[in-house]
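> Sequential numbering from 1 applies to the sequence shown in this note's numbering.
Honestly, the hints are just simulated from the structure, not real lab data. Remember, predicted model here, so these are calculated numbers, not experimental data. Keep in mind that a hint or two might mislead.
[Unchecked claim] Beta-carbon label-pair distances, calculated as ranges:
id, residue 1, residue 2, range
1, L86, L34, 36 to 46 Å
2, L114, I4, 20 to 30 Å
3, G105, P40, 31 to 41 Å
4, M1, E37, 44 to 54 Å
5, L114, L74, 13 to 23 Å
6, F35, S72, 36 to 46 Å
7, P104, W38, 20 to 30 Å
Just so it is clear, CB atoms sit at the ideal spot from N, CA and C, and this is done for glycine as well.
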Amino acid sequence: MLIIIALLSGTLFGLGIAVSGMIDPVKVQGFLNLFGEWDPSLALVMGGALLVFAPGYWLWRRLGHQQCALGSKLPKVPAPVIDKRLVLGALIFGIGWGLVGICPGPALGLLGSLQWQAGIFVLFMLGGFWLVGKTQR
Numbered sequence: 001m002l003i004i005i006a007l008l009s010g011t012l013f014g015l016g017i018a019v020s021g022m023i024d025p026v027k028v029q030g031f032l033n034l035f036g037e038w039d040p041s042l043a044l045v046m047g048g049a050l051l052v053f054a055p056g057y058w059l060w061r062r063l064g065h066q067q068c069a070l071g072s073k074l075p076k077v078p079a080p081v082i083d084k085r086l087v088l089g090a091l092i093f094g095i096g097w098g099l100v101g102i103c104p105g106p107a108l109g110l111l112g113s114l115q116w117q118a119g120i121f122v123l124f125m126l127g128g129f130w131l132v133g134k135t136q137r
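Hey, can you work out the whole structure from these sequences and the hints?
Written as structure tokens, this is what we have:
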């Protein structure tokens, strides 16, 4: 049952970002162009997602539920730690996102369009994951 919910959730997420145009690198770059012709649509999509998610999550936690609807335990939210590793990772992620306008989640959706740029991005993204895994052991 959990795998079906995961597949449905992933499909819904993928449809949402595709329908909203958020897998289009030009749209994402327009959002990141704060000093040019700024496109706020990505902020509206993210805000809309938070408006749907946050009240339900708040209520669920407020009622004292420690597990999700399917029965698995909800993880404790760790205290935020802002260290050199987090800042460096955020900078690298932001530079990559800004240069090409592709975020990892939408990149997987973009693969479905069979654009060669998406394939190269995902290949190098996986290479980055591998490299970090090798350097942090």
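> List in ascending order the numbers of the hints, as given earlier, that are violated by the structure.
1, 3 and 5
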